[in-house]
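Colleague: Given the sequences, and given the hints that come with them, work out the whole structure.
Protein sequence lines correspond, in order, to chains A and B.
Following my numbering from start to finish, the first sequence increments by one per residue and tops out at 353.
Following my numbering from start to finish, the second sequence increments by one per residue and tops out at 518.
What the hints contain is simulated information worked out from the structure, not anything from laboratory work.
Keep in mind that this is a model prediction, so the values were computed, not measured.
Treat the hints with care, since some could be wrong.
[As the list claims (entries may be wrong)] A few chain B residues facing chain A, derived, Cβ under 10 Å: (1) Gly-282; (2) Gly-289; (3) Glu-400.
[Stated by the list, open to error] Listed below are the simulated SDA-like cross-link pairs for lysine to any residue, each with C-alpha atoms no more than 20 Å apart in a straight line: (4) A:Lys-110 x B:Glu-400; (5) B:Lys-100 x B:Pro-464; (6) B:Lys-258 x B:Ser-230; (7) B:Lys-93 x B:Ala-128; (8) A:Lys-110 x B:Arg-488; (9) A:Lys-110 x B:Val-362; (10) A:Lys-110 x B:Met-411; (11) A:Lys-99 x B:Ala-407; (12) A:Lys-110 x B:Thr-358.
For each residue, glycine too, the CB sits at the ideal point set by N, CA and C.
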Amino acid sequence: MQRHLISAADLTRDDAIRILDTAEEMSRVADRPIKKLPTLRGRTIVNLFFEDSTRTRISFEAAEKRLSADVINFSAKGSSVSKGESLKDTAQTLEAMGVDAVVIRHGASGAPYRLANSGWIDAAVVNAGDGTHQHPTQALLDAFTMRRRLVGRDAGLGQDLDGRRITIVGDILHSRVARSNVDLLHTLGAEVTLVAPPTLLPVGIESWPCEISYDLDATLPKSDAVMMLRVQRERMNAAFFPTEREYSRRYGLDGERMARMPEHSIVMHPGPMVRGMEITAEVADSDRCTAIEQVANGVSIRMAVLYLLLGGAVFETKNVPDTLQTRTEEK
Amino acid sequence: MSKTLIRGAKVLGGEPQDVLIDGRTIVEVGSGLSAEGAEVVEADGKVLLPGLVDLHTHLREPGREDSETVLTGTRAAASGGYTAVFAMANTFPVADTAGVVEQVYRLGQQHGYCDVQPIGAVTVGLEGRKLAELGAMHESAAGVTVFSDDGKCVDDAVIMRRALEYVKAFGGVVAQHAQEPRLTEGAQMNEGVVSAELGLGGWPAVAEESIIARDVLLAEHVGSRVHICHLSTAGSVEIVRWAKSRGIDVTAEVTPHHLLLTDELVRTYNPVYKVNPPLRTERDVYALREALADGTIDIVATDHAPHPHEDKDCEWAAAAMGMVGLETALSVVQETMVDTGLLDWAGVADRMSFKPAVIGRAAGHGRPVSAGEPANLTLVDTAYRGSVDPAGFASRSRNTPYEGRELPGRVTHTWLRGKATLVDGKLT
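Modeller: If you want it as structure tokens, here you go:
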């Protein structure tokens, strides 16, 4: 792990486990009466959101505040960006105000990478979702949720997801969540199967470290976790599938299908859910669905990422690999 | 006018010879020529080529003088060894009337660095709906023979058919930017393994190949000639090869960057690699080199596309498509075709001067280096190797994908009708 978090593919197995274990520590803060650590006191983090996103921004904001960082929220709407300011100028303007880290959500794939690697700014960059590319903290919180549920909260510490069978269903083509999850889950030793109609799988997917299937029913009995992705209704206007009903029938998860999953397996969803499309209310509201848990875990994961990137001092130094401490060094 | 003696030049890469220029014309080629009354240029084993001809240049004037002008673009051309460039029609206003093409043509003449032959738009405003006044542009002082909506594809089959037919009346040719628009909506890079990973909208090879297939069949049907701009895929090569074997009158160009670079570079998200058509795969690169060597692809054309810094210093999706190329084209061709043994210097002269002049009907250009011919010449130090420094470019723009890359070859002299436009690597 470098001083930025841009892609789940950049994480080694050890980096990822370090983040998951740190997140377990962070989650204990949420159980305290005063949900706050002094770790990032005096550090300034800007949430730079060029795309509408309520849940991710709030999750980062909660994580930052629990670490006592000073938080600046910047959304592109109504700002200088809407008057034509470039990403570079916006970022440099914010950095001039003394920002230590930039959490960026951007509609253009690669925008966080550019921000981190173009010499525009020195601050640490955390990708909070870029176009159809990556959403690494989502993948981390998903892995965290899987490890807790499938391995155990305490038993999971220091462990990866070796041999767990994870199925991801839906609009893979347009999904940064799917890309991030495939990368991270592969690193953690899980076996990933992507299920979608062929129109919603990208050309070139054959190089991904996962299996591909068009048949949800055949995959369900072999799944320890089934992650349903949101499918936007507008996609059918571009002929990705004929109708909403046909999509639900072939690729939606309902109670009947859920019953074919192994007893222990869980249903996941990164939200926002489109009930009646990819998931029925019966499944969404069942005990097996971890959607709400994922939201809670998201705060812990983001605390862990920011803590490790900004080099806090709560944990003993020797427990933190050198690679996580390099924020003062230039690459 | 004065005399110039180029002494000891390997003409088209052959044995060293002397070349004597008197006024605008080559008067003698041989050994031990008298230097009396002539300025002597010691070629010292450098390679002498006919002045290069670029069938595909964007000079940006009128309209985008912040990225290039006819003056800066022709100075860049002279630096790169070119004596004639064909200026694409996608200016503001579009070169779709006799007035605009004459303006561009006259600016080229006035500056005197390189002949500028304007290309006329096929359709009004490049909108693909209504034919521009092709005849009027041909009859203008600019004498337009090449027509293209480059930047956009003439995707309507009927409009393309009519254009192919119509220009036959005056020996014109339509140069097609082959890109099926529906298949490339939101396209950001080559569609394949890398685009799947990077989450960038894919530009599939089939969007180019399907248009080329259609257009060679249309050209056959109406008995016209058609030229394919910046062919970029292995599949396109196969279609053109098939069309030529059938006797269809098709010619094709490849850009230097498609001979060297692949879509792996897009992993940097650096928009300096963003170009249309996009960088393809290694397999395509090798197929293009082979096709240029065997003549399936007729010529190299730069698609020199200057853009101001701010249009590249941004996120990938927001960046403009295109690369400058005039000042690095010959070096890239040496690297990919000559130093690999695929083409000799006579072959380079053929692909970068003779053939483009024939396709574009550029009178006085692409002629043999022999007595009685116009003295359009370029002298190349092929032993040179050095890294590309955009700060030294004559072009107004710096959007080169080769910054810092070591490339062979350096143009030291260029003569346009006997007048030196470049001496010892410096513009006159």
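Colleague: What hints, given by number in increasing order, does this structure fail?
Modeller: Checked against the structure, no hint fails, so every one of them is satisfied.
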